[in-house]
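*Asks:* Sequence:
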Amino acid sequence: MIVPQRTLTKQEKIIMLKVYACIWSDDKATEMAKFYKSVFKGTKIGKTAYWGSNPMGVKEGSVLTMHLTILGQKIMLLNGYTKMPFNESISFVIPCKTQREIDTYWKKLSSGGGREVECGWVVDKYGVRWQVTPADFDKWNTSKNKKKKEAVMHAMWKMKKLDLKVLQKAFEQG
2 MIVPQRTLTK QEKIIMLKVY ACIWSDDKAT EMAKFYKSVF KGTKIGKTAY
52 WGSNPMGVKE GSVLTMHLTI LGQKIMLLNG YTKMPFNESI SFVIPCKTQR
102 EIDTYWKKLS SGGGREVECG WVVDKYGVRW QVTPADFDKW NTSKNKKKKE
152 AVMHAMWKMK KLDLKVLQKA FEQG
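Residues in the sequence shown are numbered from 2 upward in steps of one, following this note's numbering.
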């Protein structure tokens, strides 16, 4: 999920509605949907598709896909019934305006078997990777002031869960 630094054009809004992620699970789409609904306020569970007859031996009528809207972003959960491991190359970014918001997402996403990772990353109990970051992180990271940018990065590298005040101070004093 990307938080724009400017107002999106009509074309960009259309593209955002057309492009969305598919998260593959063995057979946990329904469980995942309930979990993400508990983590992200306002999450909507949309269309659900069911398996028909198939050569894979999946029970007819089992959930195939579930569509969610999380923080305004459409996501599809897929029960693929084959093991497809997640890796670090894909993650979802959650831009947070307050430390309380960072703390809340961090706690919920790392609960029940999730794990904390350096630099604001957390892996939830399903193996999906999330970056729980301050909303200003993109502004700090793209600053033309090299000292400010590096101060934020050096402060962040010492953290797992990000501390908004420490990062803000690093940027201001960098």
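Please note that the accuracy of each hint is not assured.
Taking lysine-lysine and the DSS-like style, the derived pairs with C-alpha atoms no more than 25 Å apart in a straight line are [said to hold, decoys possible]:
no., residue 1, residue 2
1, K162, K98
2, K126, K166
3, K19, K60
4, K148, K170
5, K161, K42
6, K126, K140
7, K108, K60
8, K161, K140
9, K159, K126
10, K148, K159
11, K11, K38
12, K48, K38
13, K147, K108
14, K98, K48
15, K126, K84
16, K126, K109
17, K60, K29
18, K108, K170
19, K60, K42
20, K11, K29
21, K35, K60
22, K35, K48
23, K108, K35
24, K159, K149
25, K126, K161
26, K48, K60
27, K98, K75
Label pairs and their calculated CB-CB ranges [claimed, not checked]:
no., residue 1, residue 2, range
28, T70, I91, 49 to 57 Å
29, I91, S39, 21 to 29 Å
30, P86, E151, 56 to 64 Å
31, N55, H155, 46 to 54 Å
32, E151, K29, 51 to 59 Å
33, K161, I46, 49 to 57 Å
34, K75, T10, 46 to 54 Å
35, V167, K42, 37 to 45 Å
36, Q100, K60, 40 to 48 Å
37, S54, Y21, 47 to 55 Å
38, K108, V167, 35 to 43 Å
Since the hints were made in silico from the structure, they are not lab data.
Computed from a predicted structure; not experimentally measured.
Virtual Cβ for every residue (Gly too), placed ideally from N, Cα, C.
*Asks:* Is it true that the C-beta distance of V167 to K42 lies inside 37 to 45 Å, as the hint says?
*Replies:* violated (26 Å)
*Asks:* For a C-alpha distance cap of 25 Å, please report whether K161 and K42 respect it.
*Replies:* holds (24 Å)
*Asks:* For the hint 46 to 54 Å, verify it against the beta carbon of N55 and that of H155.
*Replies:* The hinted range 46 to 54 Å holds for N55 and H155, with Cβ atoms some 52 Å apart.
*Asks:* Note whether the CB distance of K108 and V167 lies within 35 to 43 Å or breaks it.
*Replies:* violated (19 Å)
*Asks:* Given the hint that K11 pairs with K38, does the C-alpha gap stay at or below 25 Å?
*Replies:* Distance of about 29 Å is beyond 25 Å: violated.
*Asks:* Given the hinted pair K98 and K48, is their Cα-Cα distance within 25 Å?
*Replies:* Not satisfied, since the Cα-Cα distance of roughly 30 Å exceeds 25 Å.
*Asks:* Is the Cα-Cα distance between K108 and K170 25 Å or less?
*Replies:* holds (24 Å)
*Asks:* Given the hinted pair K126 and K84, is their alpha-carbon gap at most 25 Å?
*Replies:* holds (15 Å)
*Asks:* Against the 25 Å threshold, does the CA-CA distance of K35 and K60 hold or violate the hint?
*Replies:* Holds, because 21 Å separates the two Cα atoms, which is no more than 25 Å.
*Asks:* Hinted pair, alpha-carbon criterion (25 Å max): K126, K140. Please report holds or violated.
*Replies:* violated (30 Å)
*Asks:* Is the hinted pair K60 and K42 satisfied, with a Cα-Cα distance of at most 25 Å?
*Replies:* Between K60 and K42 the Cα gap is close to 32 Å, so the pair fails against 25 Å, i.e. violated.
*Asks:* Between K126 and K109, does the CA-CA distance stay at or below 25 Å?
*Replies:* holds (10 Å)
Of the numbered hints stated above, those contradicted by the structure are hints 2, 3, 6, 7, 11, 13, 14, 19, 20, 28, 30, 32, 33, 34, 35, 37 and 38, listed in ascending order.
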